[in-house]
Structures are given as C-alpha cells and as structure tokens.
Amino acid sequence: MNDQMKRSDLRDRLDFVGLDAEQRRRLAALQPVIAESIDAALDVFYNKASRHHIPRSSSPTRHT
Numbered sequence: 001m002n003d004q005m006k007r008s009d010l011r012d013r014l015d016f017v018g019l020d021a022e023q024r025r026r027l028a029a030l031q032p033v034i035a036e037s038i039d040a041a042l043d044v045f046y047n048k049a050s051r052h053h054i055p056r057s058s059s060p061t062r063h064t
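Residues in the sequence shown are numbered consecutively from 1, following UniProt numbering.
No lab work stands behind these hints, which were simulated from the structure alone.
Ideal Cβ positions, reconstructed from N, Cα and C, are used throughout, including at glycine.
Check before you lean on any hint, since a few could be wrong.
Unchecked claim - Derived DEER-like restraints, expressed as beta-carbon distance ranges:
#1 Met-5 / Pro-55: 15 to 25 angstroms
#2 Ala-40 / Gln-4: 27 to 37 angstroms
#3 Ala-35 / Arg-11: 16 to 26 angstroms
#4 Ser-8 / Ile-38: 29 to 39 angstroms
Based on the sequences and whatever the hints tell you, model everything.
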C-alpha cells in the first residue's frame, strides 16, 4: 500500500467516525500528548481485558 492509499484509507476511517476538519486539527495538535501516554493507557486496558472473562455463549456473533 503506497502513501496516497494510506492517506485515503485514513480519511475514509475518519469520515466513518464523523471527525470533521476542525476535530482532526485538534486531534493532530494532541498527538504529542497521546504518543507520550498511549503505552501506559494500553497496558492498563489490556491488563483489565485479560482479567475479564467473557463466556463463549455471550460473545458477539461475527457476521461476514
């Protein structure tokens, strides 16, 4: 995948979640803060997720 395709894919994803140009600008401005804290935040998330048991019968059904 080339850079242009990656940018197009990212724009499609941002459009899907409803981020407008101003929200994207604000998010970009927060990138240094996010980059500094993401590792610790993901550690907390995955630690919690690994302790949470979801019985197979109540798992969401995947539609393809």
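Hints versus structure:
1. Met-5 / Pro-55: 15 to 25 angstroms: violated, 40 angstroms
2. Ala-40 / Gln-4: 27 to 37 angstroms: With Cβ atoms ~34 angstroms apart, the hint holds.
3. Ala-35 / Arg-11: 16 to 26 angstroms: Between Ala-35 and Arg-11, where Cβ atoms are some 21 angstroms apart, the hint holds.
4. Ser-8 / Ile-38: 29 to 39 angstroms: violated, 24 angstroms
When each numbered hint is compared with the structure, violations occur for hints 1, 4.
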